Every structure is written in structure tokens, then in C-alpha cells.
Amino acid sequence: MAALINVPTKAKRGDIIEIRTLTSHIMETGFRHTADGRLVPRDIITSFTCRYNGSEIFRADLFPAIAANPYLSFFTVAKESGKFEFEWIGDNGYSSTASASITVE
Amino acid sequence: MPTTRRQFLSLAGGVTAAGTIPIVTLRPLEATPAMLTAAIRNVVGEAPIRTGKVKLDIPPLVENGNTVPVTVSVTSPMTADDYVKSIHVFNEKNPQPNIGNFYLNPASGRAQVSTRIRLADTQKVVAIARLSDDTFWQVTADVVVTLAACTEEMN
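Chains Y and V supply the protein sequences, listed in that same order. Everything in the first sequence is counted per this note's numbering, starting at 1 for the first residue and increasing by one. Everything in the second sequence is counted per this note's numbering, starting at 106 for the first residue and increasing by one.
No lab work stands behind these hints: they were computed from the structure. Just so you know, not all the hints are guaranteed correct.
Claimed, not checked - Taking lysine-lysine pairs in the BS3-like style, the calculated list, with each CA pair at most 30 Å apart, reads:
#1 Lys-160(V) <-> Lys-12(Y)
#2 Lys-12(Y) <-> Lys-158(V)
#3 Lys-190(V) <-> Lys-79(Y)
#4 Lys-12(Y) <-> Lys-83(Y)
All values derive from a computational prediction rather than experimental measurement.
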């Protein structure tokens, strides 16, 4: 699935950088009804993880109160050049990954 | 034959006297303050929660509860022995009291998280931070919502 990742491509060692992620997902709450009264089953992303060169730097548990197309922004210290890996896990076996590279000088 | 006033009254009286008016109890569609408290205690346990350190940036008035930008930041040096372990966001009146749990570590550098949330009603939003010394700090914000999210009909 489509995900938008915003990570600076370059940073100085020790800089605090912002990471912004946006992924497309309906985030169906499980509390809505159709016009004929049937409950629409829940379909949300329940977990998000970000790893920086293999070690986890940020994790989130998401609930139906997170808006559709979940947006998350958080910070980390640029330690070394490498790769950020992002993973979204959700209901009905949903899983999606993305990655971004950074050069640290 | 049309029902006479006398028949109607005796019938109505009989029903009341027999106590057969059914009492319908439904699970409320909105979380109650009790559910909010329970959800918070679930995270915090019996630890005391102090006010301060946490800042919650959320618009005081939102037109559309389907997507409300929220930023939570915590005053912390984010060093190896003094950092924010996690940030938890709750609401008072959505069908479910939890919004999100965010786990940080000293490598985060800055204890700040942003996302977009849904709000089903005009209500209180609570953010709680757990620091590395296992103390809990909270802040509350009131939000007025004109168009509710979550429970509307799907087309």
C-alpha cells in the first residue's frame, strides 16, 4: 500500500530529526452502521513500528480513534548513516512496510 | 368498537401496577468518564498522576471531528537516565476511550509525537506521559466538535 515517508536525506551526527509518515488505510472504526442498520466490521491498523538500522526507535499502538490514513510524526537522533524501516500491522492480516535512507556526516 | 376512556385507563393502570414496563438497558455508545478512568488506570496502575510537563496541542474548536491534528510534547532532556518511556492519549466520549499509545526511548531526542485523531463529540482529551523513573504526568484539553466522527451512517 502506498505510504508517504518524510525523512531528511542528510543530517549532521547528533542532530534531532523529524520523521513523518502517512499511509493509506480506511481505519474503519467498527462503530458505524450501514443505511440498513448493519454494523460495519472494524478494520484498522493496530500497530506501527520504526526501526533505525535494525533497532526499534519508535512504536505506536493505534485505536479506532486514529483518523483514516494514519499520520504519525516523531523524532530521533541521527547517529549513523543507514536505513529506516517502517511497518504497519492491522486487522484482517494487514501488513505494510516502507523504508528510507539517511546519510549522516 | 372504539376504546372508551374508561377501558383505556384501566388497561394502562393495570400495566403499570403489574410492573411489566420493560426496562431497556443498552451499552452506551459513548465512553463514559468511568471508562476513561478505567482506561487510564489500565496504563498507570495505582501510581499517582501529576499535572504538568506534558503539553497537548489540539485546536479548541474543530469543525470536523473526523480528522483533528494533535501534538503531544513532554519536557524532558531525553538522556539515558531521564527520558520519556511512553505517551498515552485518551478521550472521554468516543465509543472507546483509547486513542493511541506511543513508545519512545532516549534515542528519540525529543519527546514529541503528532498524529490526527477522531472525536465523536465535544469532549475532553487527556495525554499522559510515563517517564523513565515511572512517574506519570498528564494534561487535559477541552475540544468543541461541531461535526462528530465515528458513529455516522455509512453510505
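Hint-by-hint comparison with the structure:
1. Lys-160(V) <-> Lys-12(Y): Since the Cα atoms of Lys-160(V) and Lys-12(Y) sit roughly 28 Å apart, the hinted pair holds (cutoff 30 Å).
2. Lys-12(Y) <-> Lys-158(V): At roughly 29 Å apart (the allowed maximum being 30 Å), Lys-158(V) and Lys-12(Y) satisfy the hint.
3. Lys-190(V) <-> Lys-79(Y): Measuring from Cα to Cα gives roughly 20 Å; hence the hint holds.
4. Lys-12(Y) <-> Lys-83(Y): The given pair, whose Cα atoms are some 15 Å apart, holds under the 30 Å limit.
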